[in-house]
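Student: Could you build the full structure based on these sequences and the hints that come with them?
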Amino acid sequence: MTKNNDNDGPVVDRRQALECMIWAGTGVLWTMSGGVPVSSLITDANAAETKGFSFLQMSDSHVGFSKPANPDALATLNDAVEKVKSLSTKPAFMIHTGDITHLSKDKEFDDAAQVLKGTGLQSFYVPGEHDVIDEGVGKAYLGRYGTKDTKGAGWYSFDQNGVHFIGLVNVMNLKAGGLGYLGDEQLTWLATDLAGKAASTPIVVFAHVPLWTVYPEWGWGTDDGAKALTLLKPFGSVTVLNGHIHQIVQKVEGNMTFHTARSTAFPQPEPGKAPSPGPMKVPAEDLRKFLGLTSVSFVQGDQPLAIIDQTLAAL
Amino acid sequence: MRNDVKPALRKAAGRVGQWRRPGMQAALAGAVLAVITLAARAGDAKAPADAGVAEVHIDNFAFTPAELSIAKGTTVKWINRDDIPHTVVEKGITFKSKTMDTDETFTHTFDTAGELTYFCSLHPHMTGKIIVK
Chain A
1 MTKNNDNDGP
11 VVDRRQALEC
21 MIWAGTGVLW
31 TMSGGVPVSS
41 LITDANAAET
51 KGFSFLQMSD
61 SHVGFSKPAN
71 PDALATLNDA
81 VEKVKSLSTK
91 PAFMIHTGDI
101 THLSKDKEFD
111 DAAQVLKGTG
121 LQSFYVPGEH
131 DVIDEGVGKA
141 YLGRYGTKDT
151 KGAGWYSFDQ
161 NGVHFIGLVN
171 VMNLKAGGLG
181 YLGDEQLTWL
191 ATDLAGKAAS
201 TPIVVFAHVP
211 LWTVYPEWGW
221 GTDDGAKALT
231 LLKPFGSVTV
241 LNGHIHQIVQ
251 KVEGNMTFHT
261 ARSTAFPQPE
271 PGKAPSPGPM
281 KVPAEDLRKF
291 LGLTSVSFVQ
301 GDQPLAIIDQ
311 TLAAL
Chain B
1 MRNDVKPALR
11 KAAGRVGQWR
21 RPGMQAALAG
31 AVLAVITLAA
41 RAGDAKAPAD
51 AGVAEVHIDN
61 FAFTPAELSI
71 AKGTTVKWIN
81 RDDIPHTVVE
91 KGITFKSKTM
101 DTDETFTHTF
111 DTAGELTYFC
121 SLHPHMTGKI
131 IVK
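So the protein sequences, as listed, match chains A and B.
This note's numbering numbers the first residue of the first sequence as 1 and each following residue consecutively.
This note's numbering numbers the first residue of the second sequence as 1 and each following residue consecutively.
Hints in this document: simulated from the structure, not taken from any laboratory.
Keep in mind that the hints are not guaranteed to be accurate.
Result set (PhoX-like, lysine-lysine): computed pairs, CA atoms no more than 20 Å apart in a straight line [to be verified]: (1) A/LYS107 with B/LYS98; (2) A/LYS139 with B/LYS98; (3) B/LYS129 with B/LYS98; (4) B/LYS96 with A/LYS139; (5) B/LYS72 with B/LYS98.
Tutor: Encoded structure:
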């Protein structure tokens, strides 16, 4: 991470933003205190010390994918579930940030649900673009994951231990030449959802495609993501969790912490480091080092927040 | 006369191999006859019903060629050669493919002159243009 002391303002160009991203190895621990986040590389020993309320993030399982980058995406999802089961501290629940399936097929949804059930955790989902390519353009997803609380294409919010969680959908009605898209209906709902909340309420927003611009050349961003982030600006602690790019990228801007999770299926290249964002082929014995899941901990009181990533390797 | 017909037959026969459905082959047999008839009536002012097939490849999250100029009546065939599914959707949704997984194809015939922009609805930064003259 390159520090740029000359740049005090909030405006950061893309090159600087890329410089500020942390390409993590085994994991990164975030501690947030008084609005100043500090990050440091962590080991599993640090992770075990984290006490309090924690939840898991899983992403991009692509059940049904069977190409050379991972001939059996269901098997690696199963490994992820085994990893969850082996955690010393049981998370309160799990969120899945989309691309549960590869082609939105019934069998893929069925297989994924069957394996994910193994976590024994209450789970919250948002769809990825691969989950809404059924003939009904998202009906298959909503039929399974829609509840009385989900709105529109599947967005919703809920509260847990004083933290307000918001699941957004940014993979519908995408525009030619554009990126991810939330749409006005959802943004209006978000404004209403946040209205009246105390600025001290910790907020966790999760959606499939990064809500911030990671790399527009590969579509890694959300056209109207900035509108959502503007609505979240008044809050003292905002954590934005995304998937889609199959690798860890992190950024801190003001009171907002942005984090993308690894996939449980296959890695994708770092921005611009390959001709396309297609699946990155790695030696079979190394695949699980590139896959993983994320756990996020809140410690009540002094409000530190920790995001811990771990790979599926060395179960 | 014979020289006119033969390339048309060869071209059409080549496409029979690519279309696997028997119904398509029957339709093609009809098309071949139509081409022969047209060749026989070279002075006919009507545009041919089949001006051939042009291909657009999808490689590395990009349409190649990104811009394609074709004559009216041309059928464009998109082939997805990526490991990731893609779609072809015209901006105004005048035509739209189903999701194409690896090696799957989509065809559309362009009968009206004009410029049409299309994109992949999964990866909308992927765009292409068809110019029909």
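Student: Next, verify each hint and record whether it holds.
Tutor: Hint by hint, here is what the structure shows:
no. : hint                  : in the structure
1   : A/LYS107 with B/LYS98 : holds, 18 Å
2   : A/LYS139 with B/LYS98 : holds, 15 Å
3   : B/LYS129 with B/LYS98 : holds, 19 Å
4   : B/LYS96 with A/LYS139 : holds, 18 Å
5   : B/LYS72 with B/LYS98  : violated, 24 Å
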